[in-house]
Amino acid sequence: MGRYVVRRLLQMIPVFIGATFLIFVMVYALGDPVAALFGDRAPDPATARQLRAEFNLDKPVWQQYLLYMGNIFTGDFGTAFNGEPVTDLMGRAFPISFRLMLTALVIELVLGILLGVITGLRRGRAFDTSILMATLVVIAIPTFVLGTTAQFLFGVQLGWINPAVSPEGRFSELLLPGIILALVSLAYVTRLTRTSVAENTRADYIRTAVAKGLPRRRVTVRHLLRNSLIPVVTYLGADIGTLMAGAIVTERIFNIQGVGFQLYQGILRQNSPTVVGFVVVLVLIFLLANLLVDLLYAVLDPRIRYV
Amino acid sequence: MSEPPQPPPVGPPEAPIAIAAGDGRGEPATPTGAEPGRARSLWSDAWHDLRRNPVFVISALLICFLVLISIWPSLIATESPLRCQLSRSLEGASAGHWFGFDTQGCDVYTRTVYGARASIAVGVCATLGVALVGTVIGGLAGFFGGFWDALLSRVTDMFFGIPLILGAIVFLSMIKLSGIWPVVLVIAALSWPQIARIARGAVITAKQNDYVQAARALGASHARILLRHILPNAIAPVIVMATIMLGTFIALEATLSYLGVGLRPPTVSWGVDISAASTGMQFRNAPHILLYPAAALSLTVLAFIMLGDAVRDALDPKLR
Amino acid sequence: MRAATRLSWAIAATTVLALTATSCGGGNGTAGGSAGVVRASWGDPQHPLEPANTNEVQGGKVLDMIFRGLKRYNPETGEAEDEMAESIETTDQQNFTVKIKPGWTFSDGTPVTASSYVDAWNYGAHLENAQIASYFFQFIEGYEDVHPSDENATPSADTMSGLAVVDDHTFTVRLTEPFSLWPETLGYAAYAPLPRAFFDDHDAWLAKPIGNGPYKIDTYTKSQSMKLVKYEDYAGPDKAQNEGVELRVYTDNNTAYTDLQAGNLDVIDDVPASQLSNAEKDLGDRFINQPAGIIQTVSFPLYDPAWSSPEAAKVRQGLSMAIDREEITSKIYFDTRTPATDFTSPVLGDAGGYEEGLCGEFCTFDPERARQLIEEGGGLPGGKVTLSSNVDTGSHRQWMDAACNSINNVLDNTAACTVNPVPTFADFRNQVTNRQMTGMFRTGWQMDYPLIQNFLQPLYYTDASSNDAVYSSPEFDRLVNEANSASDEEEAVAKFRDAERVLVQDMPAIPLWYQNGTAAYSTRVSDVKLNPFSVPVYTDIKVS
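Protein chains in written order, with UniProt numbering: chain G, 1 to 307; chain L, 1 to 320; chain D, 1 to 544.
Certain hints may be false.
[To be verified] Which stretches of chain G does chain L cover? Using the computed rule of at least three CB atoms under 8 Å from a CB of chain L, they are:
hint : stretch
1    : 39-50
2    : 114-122
3    : 176-189
4    : 228-236
5    : 251-258
6    : 282-293
These are computed hints drawn from the structure, not numbers from a lab. C-beta: ideal position from N, C-alpha, C; glycine also.
Construct all of the structure, not just a fragment, from the sequences and the given hints.
Structure below.
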């Protein structure tokens, strides 16, 4: 087990190098970012050249990459076009996105599994059908509509919350954004749990447990749930990254300058230090989350062993 | 899943197996192959079950209907979806225009009917692509473990890291294809890691089952174990993911179009109309412009979720 | 059993982590403004906050509060009035003597002198400082030495030879050629004076800029907020009527609008397009919708053979007549745009060069005549035309669809005009400046200063910096030159109008509509108005 973890941690090195290079080349492929800095005006060639030199954009892509990587090892992630160091951007964006992700994840975990177990045990009943309908609504109506409507309702009509999240981003403020962000994932978690539960209720060991006369609650939690959780845990592990990087719409609605927002800005403005810096940290988070999930497999299913 | 994956040690050629129902097209598939007797054991039993399942019948009919209007939208809509009179902007329902008009003054009914083609094509093709690539890569990683797992899983992680917008803009500027294919390719290329993770987890679990160990002990080939013993038991979460993904992909197409990298105008799609209705905030004053395309999208997702449920039940040996 | 315990451990750990994060994130609430302070919406400036390095409205907003230059544009009339200038004198429209008023100080207490201006301008012009708006100094003699136009040249001088300090309150400017309206351009932020602190400790200055305007910066947290307080020793006439302004960054102006409705914000400028239909209903007379110095146009790639033939002008005029501006401005923009009838802007006023209806029938919707003109011109090149714009900023998609639909309806062909969305602004600008367009493309112009010259010369003069259509007309150029060397303003304006008539005949770009500035405010404040640049006049806002 220990050796397995060490091996997985070592695998991060090639992924780190591969991911930075991939993203760096992709941002490079977007084209020249300098013209956009001049707004609706044709760039003055001399100033444009000066700016390209300042951001190392006048060098071949491999040289830009090497310069960038060299700087990373001294802790310098470069600067955004507004002159702010990327490390400052990351220092602000990651904590708040992490808290938002955590809020959404807890909601998915608790509500998703709960709804999944209930619908899985009562397939085809009214409750199951209404959850299916709610799932359809969540899929078909864009987050933007659900988010702004909820924001208007709770922020303006009822006055329960502030429509905009403060820069500190307290958990109480992140509850509504968290719910909105969690909605689509909630649909996945609920249906994954439902299917697993429905499948496992017919498994031999559940029949045995029931036949043994174990209390229903004990059967559900100890035997049924534990064995149904592997796909759900896998999904949640993979979702951690999506919730952090892909929360652009939610972040915009609630005025959160998180990872999704900064990444989006970086891409639109074609600023490679911003994009690469953020993606690299995100990839590291994926790797850790996936490692955690793989270790959880062994907890949930004792037959699985790692060496 | 409609093709046997090709793991490194290729086993004896299996009977080509087609489970069209399982991959979501909903069209009946007969096991084509030289050894019907062998295939009957699982896949044809499943098909036998399916035909008697009302959920399957309803969803199949619904999907046939959707496919039909995708191919011949003019069957039920007489106008052109591109004829728009701004003077009718946001008008409500009226005779001959049951769904009213959108912001641009286009007939919402006509656009909803015509939107089916691009939306369903993108949704179904992208889902198939994602399910296929994801299951193969995730399945192989989970089944073989060790070096192959490390390699495939880390590649998956790297793909996970590519931000959708960046990937979409870069890929679409490189792919010189027209129609829905660039969009399908981009969505598939950037979304398969989800399914791969799920498939890997499911295969790792299924691999532990006694009958798999038994089959292995009996000297069954990798391909045979994978296809006959593991796949049917690991496919359920993939089907669940895929059916929901189908809906999100139809919506994702709109996001891409909104960003200027999706379907090129004047292609009509539900996603584009939903996104136009929502970003314009006009849904506060004229909910109908959002409601109808969203309802059409819901109906499609519902049909595929039902189909997925039915197929999953049919494949579950424990039900017998 | 063992596994379940481990699982509950994991859950417990998550909870603890969550709680820790909560306590770290704790802090004082930001709701509820302090007495006398205006809470206003803001966007993150795209460049460092240097006067000559700012070309967009969010950075401009701050510069307008913390700087005052030689001239200031009257918030209501748009006229350039002396602010720090005592006098700007010239006899030949080329050599100017500038005298500045004594008694002005920067908010760090140092006096504003003639060298504060000369040093600032030399800094703004110098190539090595890579200032985005350095072209403002191009009229000054010696600009070419500090900022050579050739891409590979290096500067041969440190300062511009056309600038000379005479004494503490006087300096002289020599231009490369006569430019009668030059003093009127001096209200632009790029011409602001800079304190010694700017040059002595640049990083510290950027972290908290110091200026000579009615406000000084109290605290500045990048990407979040800037708190400005009234500068007590401000020497100008337009002292702040409130205690200060708190600018809050919003990622989306829709959120700012909702926050205003919830009572957490006092002033937002630029009401989101998506809320325009609700704004009047939601806010009544607390919604401002007034002309601003912005015109939206659609340009043609005149470098493309298909569009450069003499007959193509007819096609362009026909397309212009096929766009139903009235309908689009009312249905899509809810009257926050006004159909354009010339190439300038109503904020110039009649004396300043605006002339309603100058474009005549060619800017009026007339399906009959449009079809006829397009036919006479040989039809659309290849039978169809595209309309391109970036779609990442602004809500361009809707008007583009509407304009194309209008053209298609006129031509009775749903495939005549198609929208070509370009993903990013950078990509779009690259295509435009590299001359890769093949059909119509969006061009817009926000004036730098309220002069008719600014709406014509940078956009349509041969090889001008924003001549995206690559239009070139000897007739137009001649009239502009004559206007620039005219001795009085009236004559200059008349010449510029003549030049504008040349544009109507050639139609290198189609004027679409004049953009209004929009703003909304809470019941807590009063006297909110927008200046011609659609920036709120913060100094006049009163807090109750």
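Here's how the hints hold up against the structure:
| no. | hint | verdict |
| --- | --- | --- |
| 1 | 39-50 | violated (count 0) |
| 2 | 114-122 | violated (count 0) |
| 3 | 176-189 | holds (count 3) |
| 4 | 228-236 | holds (count 5) |
| 5 | 251-258 | violated (count 0) |
| 6 | 282-293 | holds (count 6) |
Comparing the model with each numbered hint stated earlier shows that hints 1, 2, 5 do not hold.
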